[in-house]
Amino acid sequence: MAFDYDKYLRPGKLPHIWCPGCGHGIVFKGLLRAIDACELEKNRTAIVSGIGCASRLPGYVDFNTLHTAHGRAAAFATGIKMAQPDMNVLVVGGDGDGVAIGGNHFIHACRRNIDMTYVILNNFIYGMTGGQFSPCTPTGDKASTTPYGNPDPTFDISKLAIGAGATFVARTTAYHATQIDKLIAEGIRHKGMAIIEVLDDCPTTYGRRNKFRSVVDMMKRFKELAVPVAKAATMSKEELEGKIVTGILHREERPEYCEQYAEVVKRAQNL
Amino acid sequence: MAKKVALLQGNEACAYGALYAGCDFFGGYPITPSTEVAEVLAKELPKTGGKFIQMEDEIAAMASVLGAALTGSKALTASSGPGISLKQELIGYACIAEIPCVIVNVMRGGPSTGMPTGPSQSDIMQARWGTHGDHAAIAVAPASCQEIFSETVRAFNLAETYRMPVQVLLDEINGHMRERIELPEPGELEILNRQAPPVSPEQYLPFDPSFGDVPPLAAFGSEYRFHITGLNKAADGFPTTKARLVDAEERRQIRKVEANRDKIEKNEEYMVDDAEILIVAIGTISRSARHAVNELRKQGQKVGLFRPITLWPFPERRIAELAGQVKAIIVPEMNLGQMILEVERVTKGACDLHGIGRVDGEPISPSQIMDKVKEVC
Ligand SMILES: Cc1ncc(C[n+]2csc(CCOP(=O)(O)OP(=O)(O)O)c2C)c(N)n1
Ligand code: SF4
Ligand SMILES: [Mg+2]
Chain A
0 MAFDYDKYLR PGKLPHIWCP GCGHGIVFKG LLRAIDACEL EKNRTAIVSG IGCASRLPGY
60 VDFNTLHTAH GRAAAFATGI KMAQPDMNVL VVGGDGDGVA IGGNHFIHAC RRNIDMTYVI
120 LNNFIYGMTG GQFSPCTPTG DKASTTPYGN PDPTFDISKL AIGAGATFVA RTTAYHATQI
180 DKLIAEGIRH KGMAIIEVLD DCPTTYGRRN KFRSVVDMMK RFKELAVPVA KAATMSKEEL
240 EGKIVTGILH REERPEYCEQ YAEVVKRAQN L
Chain B
0 MAKKVALLQG NEACAYGALY AGCDFFGGYP ITPSTEVAEV LAKELPKTGG KFIQMEDEIA
60 AMASVLGAAL TGSKALTASS GPGISLKQEL IGYACIAEIP CVIVNVMRGG PSTGMPTGPS
120 QSDIMQARWG THGDHAAIAV APASCQEIFS ETVRAFNLAE TYRMPVQVLL DEINGHMRER
180 IELPEPGELE ILNRQAPPVS PEQYLPFDPS FGDVPPLAAF GSEYRFHITG LNKAADGFPT
240 TKARLVDAEE RRQIRKVEAN RDKIEKNEEY MVDDAEILIV AIGTISRSAR HAVNELRKQG
300 QKVGLFRPIT LWPFPERRIA ELAGQVKAII VPEMNLGQMI LEVERVTKGA CDLHGIGRVD
360 GEPISPSQIM DKVKEVC
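Chains A and B, in that order, give the protein sequences. For what it's worth, numbering that gives the first Met the number 0 labels the leading residue of the first sequence as 0, then goes sequentially. For what it's worth, numbering that gives the first Met the number 0 labels the leading residue of the second sequence as 0, then goes sequentially.
None of these hints come from the bench; they were simulated from the model. One thing to keep in mind: the hints can contain errors.
Calculated lysine-lysine pairs in the DSSO-like style (CA-CA distance at most 27 Å, straight line) [said to hold, decoys possible]:
1) B:Lys241 with B:Lys301
2) A:Lys28 with A:Lys265
3) A:Lys181 with A:Lys230
4) A:Lys190 with B:Lys326
5) B:Lys326 with B:Lys301
6) B:Lys241 with A:Lys12
7) A:Lys158 with A:Lys181
8) B:Lys46 with B:Lys3
9) B:Lys42 with A:Lys265
10) B:Lys42 with B:Lys2
11) B:Lys347 with A:Lys265
12) A:Lys181 with A:Lys265
From a predicted model like this one, the values you see are computed outputs, not experimental measurements.
Based on the provided sequences and hints, a complete structural model is requested.
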């Protein structure tokens, strides 16, 4: 039976703002399937975002939704989770939002290992503002502010998350649509900070400047470059150059932040 | 029954005032001279099951406060100088999204890192206009430790009543000075709480103007699911660019303060009835001014003090009235002329106006004010 997305959509809020062919819609659907698989209760779930095309997602869905300021979603979400540790807290947003302006909040949310699920939609560009380069734009690529090619080195979001202390880190692409919901669901079930990086496409501001004739071309590239973690383990560093390793990249058990704070409360009260 | 008394620093009195008001969430980032507010709450909040979190910067601290406040918490942050500058974008978010919260600003010299341990009153205008865009503002400026306690309680009440951020302005002097204060018993000071929406979840709109200028705010996590954005929005909370809807929302948010000035404003008048010279001063400097008034009265000079306790909205009607009565107004302030601009605006030349400014990290002394009064007479 076809999946019933409607039960999670807010009536009257569609059409969405995304361009035809935008990868964000694919991730959006994956997120809803994951939420459904985890049977999250609407009243007890908050979805928080920053600013950008990706960050418009919460407005369309029937949960407690918070469209914050550029880069600040993880910090707002931390306040919600601290105040209401029993709520399910999800964060969604773009690459620029998450690891440029929001980079500091991103790494500290990972470090605290606070129990939330952060789905980061990495289209390697500032889509909403018309295609300026982001920290995730590949070196050499064209953006509206790198007309001669991007001189900046590129951020690896998943590596950053692992380094910062996230206890669940997974990556996939918009081409691998059925993997998106599985990884997000795993992330939701994980106790602690779960980062799910989904590489997706912005045909409007990135694709057209970088010689992708169509969305299909961009999807093909995701298909060609993706290497599942198990296979990647058998490959050399040279062979992995330029590839996108997909799947669960990292998982560990570490005390969760709200639980640690509950211990603080106990110590304070037993004085 | 004997009152419970304590010897408290202003910053400590602020923290205990917050607890008295029911504060159950603090998000902060250390900065002199505000840090003691955080230190007291780090110790006290867990004892009552409240939440304390030290965030990675002041922006995050402000964000955490807003997230917590949306779940129903009474949330506080405290900072100074550069930290307050960092919070500005999200203070604007609290304005447009109408999220109750309290921000303590223990003012220090600036701009930039300025004088971390030097007193200042140079955020008077920042407290009004620090964030971009049109918005209403409420700020209180207590003078004594006792008043810091009670005004912090009032700040929470105002935040909850008008569903907006409220700032408490202290400075390095009254934040760090110690005074004996009488701790009010529970129930002695009024505590106001958010009202649950009087409609069913199906009917609830987070910015419903049919409830008046302050629509009730539901809590995230309850059965009232809603959407909050920093974009201009319609009554249902969703973004809109429809001119009529944007205009109505913007005006309502400003009107909710303007139309309630009489309930929000609070001033102290000291020997103003027959005054020919009026001193307008806030916070620490109002204490120097009171001393100056006492001394000058002994010498037969008709001098009075007008002290805005609510700094914003500015007590414009009363100051305009007094301007018609006195020969001159003197505005001593630890900056180079901020509050005086507001006095000038509201008095419209009805009397002479003189400022005393100081930005060298020293307070304005009573004798400095007395000299000015004599010069003016
Ligand atoms: C403080 C602040 N700075 C800049 C902006 C402008 N701005 C809006 S969205 C955006 C980039 C969004 O890019 P990303 O997060 O990658 O999301 P995408 O649009 O690509 O999905 C920028 C720079 C802003 N809204 N706020
Ligand atoms: S500009 Fe790019 S990211 Fe934004 S909606 Fe269009 S395709 Fe998607
Ligand atoms: Mg992007």
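Tested hints:
1. B:Lys241 with B:Lys301: Between Lys241 (chain B) and Lys301 (chain B) the Cα gap is close to 56 Å, so the pair fails against 27 Å, i.e. violated.
2. A:Lys28 with A:Lys265: 41 Å, violated
3. A:Lys181 with A:Lys230: Roughly 19 Å between the alpha carbons, so the hint for Lys181 (chain A) and Lys230 (chain A) holds.
4. A:Lys190 with B:Lys326: At roughly 69 Å apart (the allowed maximum being 27 Å), Lys326 (chain B) and Lys190 (chain A) break the hint.
5. B:Lys326 with B:Lys301: 10 Å, holds
6. B:Lys241 with A:Lys12: 15 Å, holds
7. A:Lys158 with A:Lys181: 20 Å, holds
8. B:Lys46 with B:Lys3: Roughly 20 Å between the alpha carbons, so the hint for Lys46 (chain B) and Lys3 (chain B) holds.
9. B:Lys42 with A:Lys265: Given that 27 Å is the threshold and the Cα spacing comes to 12 Å, the pair holds.
10. B:Lys42 with B:Lys2: 24 Å, holds
11. B:Lys347 with A:Lys265: It is violated: about 59 Å lies between the C-alpha atoms, which goes past 27 Å.
12. A:Lys181 with A:Lys265: 37 Å, violated
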